[in-house]
Every structure is written in structure tokens, then in C-alpha cells.
Amino acid sequence: MNTGCNLSFAGPYDGVMKRRFRRLVKEHQGQLFSLAYHLLGNSAEAEDVAQDVLVKLWQHLAGLEAERVKPWLLRVTRNACLDLLRRRRYSQAYVAETVGGEPLAVTETPLDRLSSSDLGQRLAQAIRELDEPFRSLVVLRDVEELNYQEIGQTLDLSDSQVKVYLHRARRKLRKRLGSELDD
Amino acid sequence: MTDKQLPTWFDERIEAWLDDELSGSEAALFEARLATDPLLEREIERATRLGAQLQDLPGLQAPSSLSRNVMEITGNSFALPKLAFPAWGWSLGGACAAALALMVTLGPAVLPGGEPELQPTAQELAKARADLALALGYVDQAGNMAARQLGGQAGALTVRGLLEPARRLNSDGADTI
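As you go down the protein sequences, you meet chains A and B in turn.
Mind the numbering: the first sequence is residues 9 to 191 in the numbering used here, read in order.
Mind the numbering: the second sequence is residues 479 to 655 in the numbering used here, read in order.
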């Protein structure tokens with residue numbers, strides 16, 4: 009039957025996108041999970057965040073140019089983590105208000121357990137206590153080893169801002185750890 | 479506390495000096511102080527040790543369940559990802575696809591003069607016709623959007639031409655019943 013309309017949006021297009029998507033998941037899933045893990049300090053939540061972000065990638069894939077994919081993924085992951093941390097603070101405050109007593113303390117995180125030395129554990133705690141964007145900067149630069157340009161694209165900062173804020177973040181850590189950094 | 483004795487100007491530039499990011503004049507001033515100030519030297523040692531500790535923080539591997547779950551979720555979704563394509567293209571494409579699908583699946587059952595292999599009951603035909611009418615409503619809606627996007631009378635005529643077989647099919651089906 010000739011309908012005069014031969015438009016087809018699935019088929020080959022779908023296959024190409026699925027292949028591209030699979031490649032991107034393989035390439036970026038470790039970094040997304042690691043970033044979420046270091047920001048949240050919780051494996052299950054980090055996996056949930058990374059999963060949501062990768063599903064969002066599938067939904068937005070066609071509109072993303074190849075070179076924008078990585079900063080987009082990192083930005084969305086960081087934002088999701090910050091949202092989760094905000095919600096966590098609200099719920100802890102709510103519990104403390106309604107049930108009474110002190111808010112739940114931040115417990116030991118996987119990063120603490122992975123850092124075998126005392127100094128490593130103190131450093132992990134000090135990073136968690138940094139304000140944003142300093143915490144994200146330290147994780148993206150020193151743990152995920154992104155370059156200044158990638159960090160700038162992720163956090164929406166210029167290269168010079170990244171450098172200055174990173175120096176400030178490290179100075180804050182140095183001050184916080186103080187004599188613990190002496191041999 | 480001896481930490482307070484180090485002037486802020488120098489303390490604020492330790493990390494930049496370690497990254498070799500001070501200007502020539504700033505670096506010269508910084509290094510002149512470093513040659514005579516043990517406090518500055520100690521802070522540099524601390525900053526160096528901090529840098530080493532930061533480098534030792536572990537990057538992590540994603541659990542294998544992550545990609546498996548993502549593939550399951552996206553593999554079962556029916557919606558294609560958003561395509562960078564003009565809005566009217568989707569409307570027109572959707573209208574064409576819906577009309578084509580309806581004619582292929584329901585055509586033999588409702589076209590006059592056709593010889594379908596299975597003879598549907600009157601009740602099945604009524605149900606099919608109701609479904610077809612509903613579907614054509616959506617097709618009409620998509621067609622109107624496409625016509626607006628194509629612009630004016632020419633667009634409306636184009637879309638009407640594309641949808642006419644489906645409309646005819648529906649009205650012919652009604653006659654049959």
C-alpha cells in the first residue's frame with residue numbers, strides 16, 4: 009500500500025544510538041560512580057545516582073555532541089549528589105526535630121575504609137567537611153584526575169577560577185589537618 | 479600558635495607556588511622569603527604531603543550491576559531518545575506512521591470489497607472502528623500541529639493529503655458496518 013509517506017525514525021537510527029550509548033556507558037560508568045561515591049560516601053546511593061544519570065544520558069543522547077558528553081555527565085552527577093545531600097540534611101533535621109535528640113552524625117564512609125592510614129581517614133573526613141565547590145573541585149582534580157578545562161566545564165567555572173578555588177580548597181585542607189601533616 | 483606568624487600573603491600562595499603558577503615577581507618574592515623563613519618551609523612540606531595523600535585517594539570501579547541495570551531500563555523503553563529534528567517533523571512523522579499502521583492492521587478487516595481470511599464478528603468490527611476513530615483523533619491532532627508548523631494553507635493541504643486515505647478508510651468502514 010502506498011501511503012506517500014516513507015518516514016522511518018526507528019530501525020537503523022535506533023541501532024546506531026544504542027551502540028553509541030553502550031560505548032559511553034562502558035567508558036564513563038566508573039568515573040560517575042566514583043564521583044558520586046566520594047561526594048555521598050554511600051555505595052548504594054552512588055549506584056542509584058549513576059544509574060539515573062546514565063538513563064538521562066539515553067534520553068538526551070541525540071542532542072549531545074560527543075565532546076560535551078563527559079562534562080554533561082559529571083555535571084548532572086554532581087547536581088544529583090548535591091540534591092541528595094540537601095534532602096539528607098533536611099530529613100536528618102526533621103528526624104531530630106520530631107523524634108528529639110541530636111541529628112544523626114555522618115558515619116564512616118567507604119572512602120574512610122579505603123584509606124588505610126589515619127591521615128587518609130582524616131583527609132577523607134576533611135574533604136567531606138569542605139563547602140561546595142571546594143569539595144567537588146578536590147574530588148574531580150585529585151581523585152578523578154580531570155584537567156582544568158574539564159573541571160571548568162563541569163562546574164561552570166573558568167580555568168583561572170578552577171585554579172584559584174583549587175588552591176583555596178587545598179589550603180583549607182592543609183589548615184584543617186595542620187600538624188597531622190607533619191612526619 | 480606558631481601558624482599565625484606566617485603572613486597571609488605567603489600562606490595563600492603556597493599551593494600556587496607548588497603548581498608553578500606564580501608570576502615572575504611573585505615567585506621571586508616568595509622564594510626570597512622561603513630562604514629565610516622556617517615556618518614557610520614547614521607549610522610547604524605540609525602542602526607537599528597533603529598533595530601526596532590526595533593522590534593516594536582511590537578512584538573506584540563501578541559495580542557490575544550498574545551497567546546491567548541501565549541496559550535493562552533503557553532496552554525496555556519504547557521511547558526513542560530525543561532527536562535533533564524540527565518539531566513539525568515529529569508531528570508529520572507520527573501522523574504518517576500512525577496512519578500507515580492503522581491501514582496495514584485494520585485495512586483488510588474494514589475495507590469494502592476486501593476478502594479477509596478471517597471474518598470478524600460485528601462486535602469485533604465495532605470495537606475496531608471505535609479504536610480507529612480514537613486513533614484518528616490523535617492522528618488529526620498531530621496532523622494539525624504539523625500543518626501549523628508547515629505554515630498556512632499549503633501545509634494544511636499537504637497534511638490533509640497524507641491523512642486522507644486513513645479518513646476514507648474510517649468512513650468506508652462505517653458504511654460496511
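Misleading hints may appear alongside valid ones.
Pulled from the structure, derived: some chain B residues nowhere near chain A, Cβ distances all over 10 Å [as the list claims (entries may be wrong)]:
{"no.": "1", "residue": "Ala494"}
{"no.": "2", "residue": "Ala505"}
{"no.": "3", "residue": "Phe508"}
{"no.": "4", "residue": "Ala510"}
{"no.": "5", "residue": "Ala513"}
{"no.": "6", "residue": "Leu535"}
{"no.": "7", "residue": "Gln539"}
Covered stretches of chain B, going by a simulated chain A footprint (3 or more residues, C-beta under 8 Å) [as the list claims (entries may be wrong)]:
{"no.": "8", "segment": "515-527"}
{"no.": "9", "segment": "541-551"}
Honestly, the hints are just simulated from the structure, not real lab data.
The beta-carbon is built from N, C-alpha and C at its ideal position, and this holds for glycine as well.
Quiz item: Going back to the hint list, which numbers does this structure go against?
Solution: Going through the list in order, the structure violates hints 1, 6 and 7 and respects the others.
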